[in-house]
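Protein chains in written order, with this note's numbering: chain A, 1 to 353; chain B, 1001 to 1359; chain C, 2001 to 2421.
Calculated directly from the structure, the hints in this document are not laboratory data. Careful: at least some of the hints might be erroneous.
What the hints assert, rightly or not - Calculated cross-link-like contacts (lysine-lysine; reagent style DSBU-like; alpha-carbon spacing at most 35 angstroms): (1) A/118 x C/2354; (2) A/118 x C/2141; (3) C/2336 x A/118; (4) A/118 x C/2170; (5) C/2336 x C/2362.
What the hints assert, rightly or not - Output of the computed footprint for chain C on chain A, the stretches with three or more beta carbons under 8 angstroms from beta carbons of chain C: (6) 47 to 58; (7) 203 to 214; (8) 293 to 304.
Since we're looking at a predicted model, the values are computed, not measured. Note that beta-carbon positions come from the ideal geometry of N, C-alpha and C, so glycine has one too.
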Amino acid sequence: MTRALAFLTRRRGGPGSIGGWHWTDVVTFFWLGGGLILMFGPALWLILSSFKSPAQLAEFPPSALPYEARTAVVEGYDRPLPLYVVQDEAGTRTLAEVRRVGTVAQMVDPANPGEIQKVNIANRTPDREVGFAVENYTEPFLHFDFLLYLQNSVFVTTVATLITLLTNSMAAFALSKYQFPGRAVVMLVVLATLMIPLSVILVPLYSIISGLGLFNSLWGVILPTVATPTGIFLLRQYMLTIPDELLEAARMDHASEWQIYWRIVLPLTAPALAVLAIFSVVWRWNDFLWPLVVLSRKEVYTLQVGLNTYAGELNVQWHFILAMTVVTMIPVVLVFIFLQRFITAGIAGSGLK
Amino acid sequence: MTLLRASTPISPNRWRNRAAEPVASVKALAGAVVTAPLGWLARAIDPALRLWQRATGTGGMVAFFLLPNMAIFGIFVLLPLVINVAYSMTTGAALFLGDRDFIGGAQYARLLDCTDYTRPSSCAEDQFWIAVRNTGLFVICQVSLMIVVATITALILNRDLRARSFWRAVFFFPVLLSPVVVGLIWRWILQRDGLLNAFLVAGGFDPVNWLIERNWAFFATIGVTTWAHLGFYTLILLAGLQAIPRDLYEAAEMDGTPPARVFWRITLPLLMPNMLVVIVLVLIRAVQVFDEAFVLTSGGPGTATLYITQYIYEVGFASLLKNLGLAAAASILMGGVLVVLTLIQLLLARRNEARGKLK
Amino acid sequence: MKKTMTALAALAFGFAGAAHAGDVRVMWYSDGVEGEVIADLLNRFMAENPGINVILDNVAYKVVQEQLPIQLEAGEGPDIARVTNLKAIAQHWLDLTPYLQDPAYWTENFGAQADWMREDGSSAITGFMTQITLTGGYANKTLFDQAGVALPGEGATWDDWVNASAEVAKSQDTAAAFAIDRSGHRISGPNVSYGANYIAADGKPAPVDAGTKEFAAKLVGWVADGKMLKDTWVAASGSSYRAAADDFINAAIPFYYSGSWQIANLSTKIGDAFDWVAIGSPCGTAGCSGLAGGAAMVAIKYTKNPEEVAKVMEFLAQEDIVREFSERTLFLPAHKAVVAKGGLDWKTDDPNVKAALDVFVKAAGQIEPAAAALPAWKWGSAYYGALVNRISQVMAGELTLDDAFARIDADIAEQVAQQGG
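Just chain A, with the same shape it has in the complex (with noise of 0.2 angstroms):
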């Protein structure tokens, strides 16, 4: 136990400490525990309710395990019975049911299949054991397009993020670098704009779409959100930091305009780019409300669509989506995990020293 703990923190320990634990040891040591239970907690839940079976969603209290129920092969009977576990007056005993009449449970025990005992339902708990209800996995990818789908989100988030990249570094460039009049006007107009949420303008923005005749086309929904001005924002403030000295050298060694962006500035803006693409990969694959919006003809469904046709008038049919939602969060994940160092070294690293 202990030694898990120094592996969790190392202490700051020192004079005036209860035994060689300072009090911010404490206060990091449950902030970090805390933390993991809340920030892992909900996710690894989803994940195991994604195995649930759809009566086992809506039951109360929720199980932390998916179950299913265990069943016996009983002779003169056709289908495998259900097993329950009955506590009564003769004792506790695993029967299995034949039918339930009212309050009152017709019974046999398995290795006694002629007599039939009358059980009230009070007294029974389903038998279970645990399992996993894979089918929530299988079905969708056999009635669903989910490579087509998969294809459909791929591409939308790799040329948004490509396009996102390029122009969001071309504009910050020249609003980062050049003096021009109209340069306050243009960087206001950006800042303002950040902070216009997409769910207010979304039918003017329809009827353009509508109007240039890309409703229903995957480029519909990536040139909409390409020129996000937080990027612009963003790698402005990066580019800033970088000493117009060097451009200057570079003027000199008859470098042009086009070179000095290609060749000077953006490798040094790496990191903020490595941090927009990392956010623009991740707001495009999560995005939701727009490609609804502008898709719904199924070759052009990205997951996200795709997953929400399970939502009908009714009933929603949370088995699917949560299964679904569980295989549309691995992308997002492996991304993460492959590009984690950029975003610490983009954010946090390099950034400020």
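Given the coordinates of chain A, assemble chains B and C onto it according to the supplied hints.
Chains B and C alone, transformed into the frame defined by chain A:
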């Protein structure tokens, strides 16, 4: 406003060599598959761009750099805003402006029609004002909670932890989830027959109807939004903490300064620039609150968590009989408030930059 | 890279390209298995009609409800859609009459609901109901038995049902006595049972009347004394829909008022956990009315292939196809001959289902005229939305009932003014 700063100062006459270094890591990431053809493409268009530069000068190049982004931006962000202004002065069910009836400022008049602005129930559009009030409260609570929690988390992550990148990832993880998923997970946890109540019952406590009690539901929207975005702001603050010179702390330790005093005297003042960035970003995000809260509570109980973006979304888009004009007018009013917030942000940034120069 | 990009771009633009000559796109949402059933039927159609390619786009109900109307306003959209908001946007439906081989068959078998999906005064044939729904209640018979409370019989009033359920709830310690879905449509049948009439003499919305007020006051009272499950109505603002089916499935309420469409859902999710019965609609002072409704397949005016669209519709509207669709989906059919012949062979082995379906077929005879007129009334959705929005505010303690009634009238008037009614 210096959120990010390039690494060490670079000697101007060595630009060719230095420039190649950071790109090495990016290459490893994206792979030569992507960068090599892009590099070829960039070289290929260079002669054409040189001609353009010669013909139009720097001005032409500025235009070239700005054009792609600004064209997309103009068509897909600015134009809808302009159309929205036009919508806000019309009425009817039609989508195209030409088919709508012009009514001037009537939509604004309806939104602003109140006998007493402190009581939403005295207004013609009472739910608009309820949403405004809720959003105001939300912004205040969200900003304070986020600042406190993110600062503590950043301070802790800045300690000499083992597996520090693991812990950073733990707190950053929810940023990767889509808002819809965040809202759904927490709805299942907090609803009457949810996970949290199951724990309470198992522990012998009375269950609480978290999403039905007004104050709990309101706090739930704040808590869940904080949960989802904490990692991002923590990283910005962590960047600030790591930039504080170690020797300052060492000196303080030698003097035997208590940690609380070290925090108030050294850490907090030096963290201020990053703190300001975080405050402004949280503020802007809080005014726009929608996705997570909508999935979590749908504005309930009653209208206790009805926020302004949801109001606009429902009036103008989600309801069966869409009221485009009224929604557009509300969004223009909201935009006005946001522009004021931007101006404040710019002023703060200016002051901050000026102060930086003085040093 | 450039090449791949261009190829991908072409691919993406290709998707958006013009429809092929024989293409018919169907926008379809599913609550259960009906998406698979219709896909199966359409495949059969394509085998018989090789020249016509029918593409089924499964969408979320949200898309049909929120996005489709905007697409239609822009003159876009699919060729056929399965829609529930039939009347308010009926100007976008296509009159199939000139393309149908036998319009008389349609008038004969689907005529009863034809007004639900065409503009006032029109005689167009725009589509047919894939299912008829009827609001009604369900009781958890096992819970009643365990509590030793008899199920209220025929002619029992809302008070009888709620009080009996409250007794059950008390004895069995359930979360509440009953719940109604959060929907204005759901409480309109009961409102009519208490004498409400939404439609004024000129066809415009009438102010909230005594019948609506009486039932609304009851609902608010039941929430206040804990008999009605608070969550369903209070847990959202605006006119969002919330169902309480899961609470009934979990035996958290012994009595649940929803509608016939829940049958298949209840059957699969309850399984053998308890016995449940459909009970039709409890009575008020003026009757025991439920409210009919349902979903229809309608042809859309902006289609480029009306001939093919008519062929698809004709295929799906055939008597034996309608029968098969209903039997497999457990939906109540709208087709007159299918209903008249009866004897549907429901594809289920749950005895609760067959009994419940029979109850709903019977309850359909008790719809009051004021309720029967609602599905074909243009302002129905405006009225329902305002009712839910404001009554749930009263339940949450934000408004008094009288303020709420005034707000409902004002909200509806505003809707009528905005829509140019």
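Right, here's what the structure says about each hint:
1. A/118 x C/2354: holds, 26 angstroms
2. A/118 x C/2141: The hint holds at about 19 angstroms.
3. C/2336 x A/118: violated, 46 angstroms
4. A/118 x C/2170: This hinted pair holds, its Cα atoms lying about 27 angstroms apart.
5. C/2336 x C/2362: holds, 15 angstroms
6. 47 to 58: holds (count 3)
7. 203 to 214: holds (count 6)
8. 293 to 304: holds (count 6)
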